[in-house]
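Q: Here is what each chain is made of, one letter per residue.
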Amino acid sequence: MKITTIRDREYKQKFLRQLMSACLLLMPVAVQASSQTPTIKLFPTTVLEEIKHTGNVAAEMETGLQTVITRLDEQQTLYMESKCEGNEGDPGCEQIARQMGNSYLEMLTIMGDKLPEMETAVNSTSASLEKRIRRELGQKKTSWSLQELLVGEQSASGKNADRPVLRGRSGMRLSDRFHQYYKLVARSGGEVNSSLAVVASDIYLDMQETSSLIARTREEISRATLMEQLNQSFGTITPEMQEVVAGVKSILFGEEEALTPMTAPPASQLEQGYESPLKL
Amino acid sequence: MNKSRTSIVTATLTVAALTTALTGCNSNPPTATACSLPEGPNLDHAISAARFDLETGCEHQFDQYFQRLLTIAEGDPKKDNKTSFSEFLIWANEQGLLSKRQARETYTRYFGIKYVSLVSDYSVCDQTCPHQEEVMREMNKELVDKEQGLLKISADRREYYRANRLFQETELVLEATCEACGPIE
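So the protein lines, in turn, are chains D and H.
Numbered continuously in the working numbering, the first sequence closes out at residue 913.
Numbered continuously in the working numbering, the second sequence closes out at residue 252.
Simulated from the structure, these hints should not be mistaken for laboratory data.
Note that the structure is predicted; figures quoted are calculated from it, not measured.
For every residue, glycine included, the Cβ atom is placed at its ideal position computed from N, Cα and C.
There may be inaccurate statements among the hints.
[Said to hold, decoys possible] Computed footprint of chain H on chain D, listed as stretches where at least three residues anywhere in the stretch have a Cβ under 8 Å from a Cβ of chain H:
1) 678-691
2) 699-712
3) 737-751
[Unchecked claim] With a Cα cut of at most 27 Å, we get these calculated DSSO-like pairs of lysine-lysine:
4) H:Lys219 with H:Lys145
5) H:Lys146 with H:Lys219
6) D:Lys674 with H:Lys146
7) H:Lys167 with D:Lys816
8) D:Lys816 with H:Lys219
9) D:Lys747 with H:Lys208
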């Protein structure tokens, strides 16, 4: 038979008191949690199709530009190797420069033709996403419930590998970017709400940036075309021309390294930690 | 006659003096503590000392005591420290030093992943976006506290990583959402 001492009783009472206070502290949180069934509709089929379409338009533009940009690169290499810099009067160098000018004009023409369609596609996707984000995240959520949405999937699965990489867009083709977006959204099937909120935000901000970049580029194209037509008569390569080509390559084909992701947690730290009754 | 009168007066004066002295003591009881913040590297001892002081007249210095305990805990980082702080805050709530809400928010601020800076009652568009920068500043300060609580005190890199990740995601999602909500009227 077990004898319960006063010390044991005191210990039990103390334990019971702590348990009671823990339950009391947890109660409002539990009620709050059970009342939330987050279902967010950020990517209906229409938005998904728009993303896909934007990716296709970007791919068409890239294909068209790829040939001419490769040619421009080759011409520039030839120009440099022939030591044409500072030797512009040389008839051979003049010829290479003129060829480069033509390629440059061709590039501007392709961009001028394709950009309006690209702009329409991007703006349309952006507008649809804006509406969805405003309604689903801006109006239906408080900042606290938005945070719970984001943290929900982290704690439920702990699979950080599946989470989207944030804003690491450099170094990737425009069409690949859209293709990746499409895959991310289509794969999730609306189940991973927290990731979807991040993906939607990322795409939307990207669309905003791309849209303003396209608008600026369109404004510049007619001016650049006129300037190059003037330069053609002198057969020179301007630094501006080199800069524009480099810019286009960077936007479309991505030449910078992607942002380094945050260091992953050490593998040894994966066990379940202490859960305080005070934790919100 | 005079002699006995003198001794009566002397006795009365002595009694009066003693009474005054005793009354003086009563109106100014000896303080058990001088509200000196705990010293030494042992967190458990420091918590005991803090509890004693906070129970005996130093409750107005709760924040200073709590900060001192955090500093002491940094000297011996381990996961159990979370439990010690949780129990200390529950005790503080039971003693009436903190409300339940304050206890929960203080614990979460240092040892939780979520950000108490994001506590709100109204929609993101209406309440958060008009003060987006301020909210992000507060979250940033809270991330520093989480660094202290999760990383320096609890040695819990995984939880700190999650808090950091949540900060980045919230920043991105808030930026997009506030852009979508439109200009503030």
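Q: Each hint: holds or not?
A: Comparing the hints with the structure gives:
{"no.": "1", "hint": "678-691", "result": "violated (count 0)"}
{"no.": "2", "hint": "699-712", "result": "violated (count 0)"}
{"no.": "3", "hint": "737-751", "result": "violated (count 0)"}
{"no.": "4", "hint": "H:Lys219 with H:Lys145", "result": "holds, 9 Å"}
{"no.": "5", "hint": "H:Lys146 with H:Lys219", "result": "holds, 10 Å"}
{"no.": "6", "hint": "D:Lys674 with H:Lys146", "result": "violated, 39 Å"}
{"no.": "7", "hint": "H:Lys167 with D:Lys816", "result": "violated, 45 Å"}
{"no.": "8", "hint": "D:Lys816 with H:Lys219", "result": "violated, 39 Å"}
{"no.": "9", "hint": "D:Lys747 with H:Lys208", "result": "violated, 47 Å"}
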